[in-house]
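Novice: Line by line, the protein sequences give chains A and B. Anchor point for the first sequence: position 222 equals 222 in the numbering used here, and the numbering is continuous, going up by one each time. Just add 353 to wherever you are in the second sequence, counting from 1, and you've got the numbering used here.
Honestly, I wouldn't trust all of these hints.
Said to hold, decoys possible - Keeping only pairs whose Cα atoms sit at most 16 Å apart, straight-line, the calculated EDC-like set for lysine to aspartate or glutamate is:
id, chain 1, residue 1, chain 2, residue 2
1, B, Lys684, A, Asp323
2, B, Lys555, B, Asp676
3, B, Lys658, A, Glu295
4, A, Lys331, B, Asp646
5, B, Lys698, A, Glu288
6, A, Lys331, A, Glu295
7, A, Lys172, A, Asp244
8, A, Lys305, B, Glu529
9, B, Lys684, B, Glu648
10, B, Lys684, A, Glu315
11, B, Lys685, B, Asp454
12, A, Lys331, B, Glu668
13, B, Lys685, A, Asp293
14, A, Lys332, B, Asp597
15, B, Lys658, A, Asp323
16, B, Lys685, A, Glu315
17, A, Lys345, B, Glu641
18, B, Lys525, B, Asp454
19, A, Lys345, B, Asp659
20, B, Lys698, A, Glu315
21, A, Lys332, B, Asp676
22, B, Lys658, B, Glu641
23, A, Lys332, A, Asp316
24, A, Lys305, B, Asp704
Derived from the structure by calculation, the hints contain no laboratory data.
There are 2 protein chains.
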Amino acid sequence: MRHVVIMAGGLGTRFWPLSRTNRPKQLLPLWDGKTLLEHTVARLGSLVPRERLYIVTGRHLEQLIRAHLPELASGNLIVEPTARSTAPAIGLAATVIGRLDAEAIVGFFPSDAYVGRPDLLVEACNLGFEAADQGYIATIGIRPTHPETGYGYIRCETGGGAVLKAAAFVEKPDFERARSYVIDGRYLWNSGIFFFSLAKLKEEMGRQLPELARHMTEMDEAMASGDDARLQTVFEAITPISIDYGVMEGAQDVVVVPADLGWNDVGHWASLGEVLATDEQGNLCIGEVCPIDVEGSILINQGGKDKVLAVVGVEDLVVVDTDTATLVLPKKLAQRVREVVEWLKNSGREDLL
Amino acid sequence: MRHVVIMAGGLGTRFWPLSRTNRPKQLLPLWDGKTLLEHTVARLGSLVPRERLYIVTGRHLEQLIRAHLPELASGNLIVEPTARSTAPAIGLAATVIGRLDAEAIVGFFPSDAYVGRPDLLVEACNLGFEAADQGYIATIGIRPTHPETGYGYIRCETGGGAVLKAAAFVEKPDFERARSYVIDGRYLWNSGIFFFSLAKLKEEMGRQLPELARHMTEMDEAMASGDDARLQTVFEAITPISIDYGVMEGAQDVVVVPADLGWNDVGHWASLGEVLATDEQGNLCIGEVCPIDVEGSILINQGGKDKVLAVVGVEDLVVVDTDTATLVLPKKLAQRVREVVEWLKNSGREDLL
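Chain A on its own, in the form it takes in the complex (with noise of 0.2 Å):
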């Protein structure tokens, strides 16, 4: 059967000072109310029956997505002991998923992309799913508007059908690099999406990161006995690695659906201002903002109530002002708010972390 498995435990120091640790990029409200989240279960919501719909995410969370999402029965939000990037925690869904369906074909989400156009995704969704129950792993390519700089791509075998066989996966680019993607036209967005059939998975891992399909063995017993502690241990035992650079990249048997989904990862404050309705000047401004003579800028007040955040004479500047910190920035470096998180820590900051 097919489940769905959203990747929810991202610490995302991104959109920094809005996100938190104890609030990352998925759980902010960033352009309605609800959550990045919350609009990932929503519209992941058709493929699969609710009782198959996962979540995988860090103790630091688990309080909080419960909170948002009280539908969720409480074995599906699977929760890491502790974080071990994607390829573990993708390990320890998969076996939990194993323990009630060993045939299980299941699809891997991000918590925390941008899709505009929700009614393709479930079409190249069931063509992953499809793709993985034929012992292929599956991913969703999403063809580059831009010469992005921010995401991975897939170079994808010349060819035509609805499916493509990929030949590799490329590290994010240079912009010079970029762009040359772009015109060349094999090249694809990497989306984080995968499909695979617990079969293949468990092949791969077993080829490629033997050590922990072994963990992933121990976890099993671990549940089968009900031995918390014990799957504590094992998963901390575990050494962090991505599923791209641990399995993706060296998998067999891998194709890609492209797919032109109006797709955004939102990996930083600009790119909020491509996914969201921006007004003439090209300003996004949420809460009460005064811009005067400001182009193509995002500015946010959360400063607390009747708070007024005033620019004037700025083109293309990230303001951001909440209660505890006040970041400025422009658009074209966002990527740097990393550096203002190093300093905070650095400074002994941990409370605005």
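For chain A, the structure is supplied; the task is to place chain B on it using the hints.
Specialist: Just chain B now, with coordinates in the frame of chain A:
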């Protein structure tokens, strides 16, 4: 006898959001624990004994000024019944002083300028008082150090000596004109410091502002009879006009004392970076600030205890964060804070003014 009058009625929106109607610039401690007014009082303290130093201000600032300057005798704080610009305020102060000393020579000073060389100010003031004693209207002219467009200029007649004849008062110029003034050499910045004998002031007022001269006589009568209500009525009937426009520009016998005072009228946020020490990157940071790759900027964080202001990768920017408002604008547009103030008025946000 010599008297000093400090004009402290300014409304001061230019340091919004720190300055407010009830706490304008002269009552802000912009560079240390003391307000600009306190610095002005200290600077002029050696010119006259304490009982001949007066402060003119509006009702809304009366209590705050008394709190900041407890040593000021009650009668030395002259409160304007209502705001009517500088010429009427000077007329009021002159009337108060004239009732005590008909032969008075009075120096009028702004309350909110920066003076890097207070020793030279005292010298220049002594020359100004002497010239006023000889029947001139004297003013202090600051030798320009750069083509400043934010100040008025005084063109002097050529000639040597410590005191020059004034040829004309010139409005704030555009940049090209300001540059030509600096090259020309005959132009000095108008410091807004003036010295008159009361006799000369009355003569010029009688000639140029006869209505105000009549009102001064009526104010004198109201004071003689202790009739505060009448004083109020008389003052309210006065047409607002500045001393520059109403008297100085058309006055006869004006002389200028040129002086290199390290003077700055601190007219806006950007000028704060000119008078205060900046760090190696040319930044002026006040409060908990994290500047990363920032140059030439003014970053002020008064946004509540423990709040952090993080700024990345900008140049020549002003960011001022307070509990109730945050301002962001380029240094070169610092004057445009007025437009924010207008916006607040039009948006019914007088609570922030």
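Novice: Each of the hints needs a verdict: does it hold here or not?
Specialist: Evaluation of the provided hints:
no. : hint                 : in the structure
1   : B:Lys684 to A:Asp323 : violated, 25 Å
2   : B:Lys555 to B:Asp676 : violated, 47 Å
3   : B:Lys658 to A:Glu295 : violated, 32 Å
4   : A:Lys331 to B:Asp646 : holds, 15 Å
5   : B:Lys698 to A:Glu288 : holds, 14 Å
6   : A:Lys331 to A:Glu295 : holds, 11 Å
7   : A:Lys172 to A:Asp244 : holds, 12 Å
8   : A:Lys305 to B:Glu529 : violated, 45 Å
9   : B:Lys684 to B:Glu648 : holds, 11 Å
10  : B:Lys684 to A:Glu315 : holds, 14 Å
11  : B:Lys685 to B:Asp454 : violated, 46 Å
12  : A:Lys331 to B:Glu668 : holds, 14 Å
13  : B:Lys685 to A:Asp293 : holds, 14 Å
14  : A:Lys332 to B:Asp597 : violated, 48 Å
15  : B:Lys658 to A:Asp323 : holds, 10 Å
16  : B:Lys685 to A:Glu315 : holds, 14 Å
17  : A:Lys345 to B:Glu641 : holds, 14 Å
18  : B:Lys525 to B:Asp454 : violated, 36 Å
19  : A:Lys345 to B:Asp659 : holds, 15 Å
20  : B:Lys698 to A:Glu315 : violated, 25 Å
21  : A:Lys332 to B:Asp676 : violated, 28 Å
22  : B:Lys658 to B:Glu641 : holds, 9 Å
23  : A:Lys332 to A:Asp316 : holds, 8 Å
24  : A:Lys305 to B:Asp704 : holds, 13 Å
In summary, the structure is inconsistent with hints 1, 2, 3, 8, 11, 14, 18, 20, 21 from the numbered list given earlier, while agreeing with the others.
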